[in-house]
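**Student:** Below, each chain spelled out in residue letters.
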Amino acid sequence: MLKSEIKRLVRRHTEIGILFISLCLVLLFTLTSEGRWANAYNIGTILQVTATLGLMTLGVALVIGTGEIDISVGSTFGIGALIYLWFAVRIDPVFAALLAVGAGALIGAFNGILVTRTKTPSLIITLGSLMIFRGLAIALTDGFSFSVPYKERDGFSYSVLGGAEFLGINTGFYWLVAGLAVLLIALKMTPWGNWLLAVGGSAASAHSRGVRVERIKLSAFVVCGVLAAFAGTLEASKLGFADGSMGRLMELQAIAACVLGGCVLAGGRISLPGAVLGAFVLSSVQSYLVVTGVRPQWFILLLGLIVVFAALGDRTLRRWSLKN
Amino acid sequence: MNKQTPLIQIKNLDLHFGAFHALKNVSVDFHAGELVGLVGDNGAGKTTLIRVLCGIHTPSAGEVYFDGTRVKTFHPKLAIDQGIETIQQSVGLCDNLSIARNFYLGREPVKRFCGLPLLDFAKMREMSGRVIRQFGLRENVSVDDEVERLSGGERQSVKIGRAVEFKNRVVIMDEPTNHLSVREREHVNELALQLRDQGLLVIYITHDIFQVHRLADRIVIMENGEKIEDASTETMSAEALEEVIRQGGRIVEKRDAV
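So the protein sequences, as listed, match chains S and D.
Read left to right, the first sequence gives residues 20 to 343 (the working numbering).
Read left to right, the second sequence gives residues 5 to 262 (the working numbering).
Incorrect hints may appear among the rest.
[Said to hold, decoys possible] Beyond 12 Å from chain D on every Cβ pair, some chain S residues (computed):
| hint | residue |
| --- | --- |
| 1 | L21 |
| 2 | R55 |
| 3 | G63 |
| 4 | I132 |
| 5 | L146 |
| 6 | W214 |
| 7 | L324 |
[What the hints assert, rightly or not] List of simulated lysine to aspartate or glutamate pairs, EDC-like, C-alpha gap at most 20 Å:
| hint | chain 1 | residue 1 | chain 2 | residue 2 |
| --- | --- | --- | --- | --- |
| 8 | S | K207 | D | D45 |
| 9 | S | K342 | D | D45 |
| 10 | S | K26 | D | E143 |
| 11 | S | K342 | D | E67 |
| 12 | D | K115 | D | D99 |
| 13 | S | K22 | D | D149 |
| 14 | S | K26 | D | E152 |
| 15 | S | K207 | D | D99 |
| 16 | S | K207 | D | D124 |
| 17 | S | K26 | D | D212 |
| 18 | D | K28 | D | E238 |
| 19 | D | K127 | D | E169 |
| 20 | D | K28 | D | E169 |
| 21 | S | K22 | D | E169 |
| 22 | D | K28 | D | E67 |
| 23 | S | K342 | D | D149 |
| 24 | D | K15 | D | D99 |
| 25 | S | K207 | D | E233 |
| 26 | D | K15 | D | E233 |
| 27 | S | K342 | D | E143 |
| 28 | S | K207 | D | E152 |
| 29 | S | K22 | D | D85 |
| 30 | D | K15 | D | E230 |
| 31 | S | K26 | D | D71 |
| 32 | S | K26 | D | E169 |
| 33 | S | K26 | D | E150 |
| 34 | D | K127 | D | D148 |
[Stated by the list, open to error] A few chain D residues that face chain S, going by a derived Cβ cut-off under 8 Å, partial list only:
| hint | residue |
| --- | --- |
| 35 | D71 |
| 36 | I84 |
| 37 | V95 |
| 38 | G96 |
| 39 | L97 |
Treat the hints as calculated values from the structure; they're not laboratory data.
Small disclaimer: the values here were computed from a predicted structure and weren't measured.
Ideal Cβ placement from N, Cα and C applies to all residues, glycine included.
So that you can see chain S by itself, here it is in the shape it has in the complex:
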């Protein structure tokens, strides 16, 4: 009886695996770092990194939910950061953020339209746009960086957009919590969410029930672009500068966070809280390597190992839960 209830729980909540991993890692890092990892300052830093990576991850998870993938988010992040900083010194930062987010929406629409109209695999299209917009970012900055001096970044707008802390936590983290709540409601409680998961589960069946498959995919790409650009905005607001390489390789981290969080790359099964926890785990691992003096170059190798083991573990857990 208890076993069947546990199986039902695992079937319905794909984030259970990452929740378990997170708890184990938090315990491990706390016990083995002699207070260097589990202190208020470091946790605050981890949450700030989680905020930007997490927002990007939420968007990628939605695209994965439709059975597609977006690997251009690192470049969209960079473009968002650059546009924000370029305009933030000229107009109010809130309007600058809106322009950055608008650019993200356009990049998402560019990806979505190409994928749905040409029926080309999204991996190829977004690989192309990853390079196009990275190239654009490098060309725009021309080897320099965009920056806003620290003393000019003390206004309310900067603070709200990730440039300051509230109750000891970077304001970007509150945006992540709000984004997660809104998207969770949209995914689980609205027809749009039902259509999105249906498209990822079986596009042919969703189509036969009258779901506009292409529109749903396009909407997921647009939301993904918006979130990646907004994450770039928050990061730029925090750092005060951005260059052409901003956000490089973050696409890999975002996809890894999704896989860790129980999102199935074939589509139809995603967990938004799981994806955010995945981002938290990656930020925590990165931070642990730094505070324990391990060279950060090991991070990518560790990231790969974590993703492989998490994917295998998740697969095993799901098979077990489906057995009668």
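Position chain D against the provided structure of chain S, taking the given hints into account.
**Tutor:** Positioned in the frame of chain S, the structure of chain D alone reads:
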């Protein structure tokens, strides 16, 4: 029942998939309040024809009229909105979604909260459970369980329940009794008759001419993408129709020549 104005009228329909000619100059009328058996061997074009009617395929040539109005755009959403519900063999259910979510996919009931359309879960669970259990869903399966866990018969029961629940004008059943037990099969057949008696057009696709002959008012036989026979069950016996299927178009040609 007005036999003069067909609910669905198909005129000289052609459909190509690349070089493959799937439907060849098919013309057939379907009237409200009749149960039509669409019969033929595998690859005869039965499923392809109904996929045009339910908006999945757009014809290459020819005309389709619904209630006297020519259909210009083909999409499942438009067909569903017009009241055409289809129980298809291979598509229609998403394994990753719960039974209740599948049941209402594409026509989800919503409750407005601050203008936001939120799914009406209470209605979705209550209605889907009540309807589908009539068609053989086990008591220990919750409507919150994913369709992935269901047996073939239970999957079919979700599709049938869905077609029955929404008050439609046309119900197309593509091999609806596959994977069903004898009792469930009888129930589905009874239901097809009930729907017909309520004034709906029921198109029943099957291989089994004897099964559908008992139910149908009319039988349309297809072969290699062509309509080769369209006869009333009052004028042609099941055995005669079986002979048409066995011999293909040849027997019809001979009869017409005589």
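**Student:** Checking one constraint from the list: CA of K28 (chain D) to CA of E169 (chain D), max 20 Å. Satisfied?
**Tutor:** Roughly 34 Å separates the two Cα atoms, so the pair is violated.
**Student:** Is K26 (chain S) within 20 Å of E143 (chain D), Cα to Cα?
**Tutor:** holds, 18 Å
**Student:** Does the nearest C-beta of chain S fall within a distance shorter than 8 Å of the C-beta of D71 (chain D)?
**Tutor:** Result: violated, 19 Å to nearest chain S Cβ.
**Student:** For a C-alpha distance cap of 20 Å, please report whether K15 (chain D) and D99 (chain D) respect it.
**Tutor:** violated, 37 Å
**Student:** Is the straight-line distance between the alpha-carbon of K22 (chain S) and that of E169 (chain D) 20 Å or less?
**Tutor:** violated, 35 Å
**Student:** Within 20 Å, alpha carbon to alpha carbon, are K22 (chain S) and D149 (chain D)?
**Tutor:** holds, 16 Å
**Student:** Tell me if the straight-line CA distance from K127 (chain D) to D148 (chain D) falls inside 20 Å.
**Tutor:** holds, 13 Å
**Student:** Would you check whether the claim that R55 (chain S) is not at the interface survives, using Cβ distances to chain D and the 12 Å cut-off?
**Tutor:** holds, 42 Å
**Student:** Would the hint linking K207 (chain S) and E233 (chain D) be met if the CA-CA limit is 20 Å?
**Tutor:** violated, 49 Å
**Student:** For the hint on G96 (chain D), just tell me whether its beta-carbon gets within less than 8 Å of chain S.
**Tutor:** holds, 5 Å
**Student:** Next pair to validate is K15 (chain D) with E233 (chain D); report whether the Cα-Cα distance is within 20 Å.
**Tutor:** Roughly 15 Å between the alpha carbons, so the hint for K15 (chain D) and E233 (chain D) holds.
**Student:** Does the alpha-carbon distance linking K207 (chain S) and E152 (chain D) stay inside the 20 Å limit?
**Tutor:** The hint holds at about 19 Å.
The structure fails hints 6, 8, 9, 11, 12, 17, 18, 20, 21, 24, 25, 29, 31, 32, 35 (numbered hints given earlier, in ascending order).
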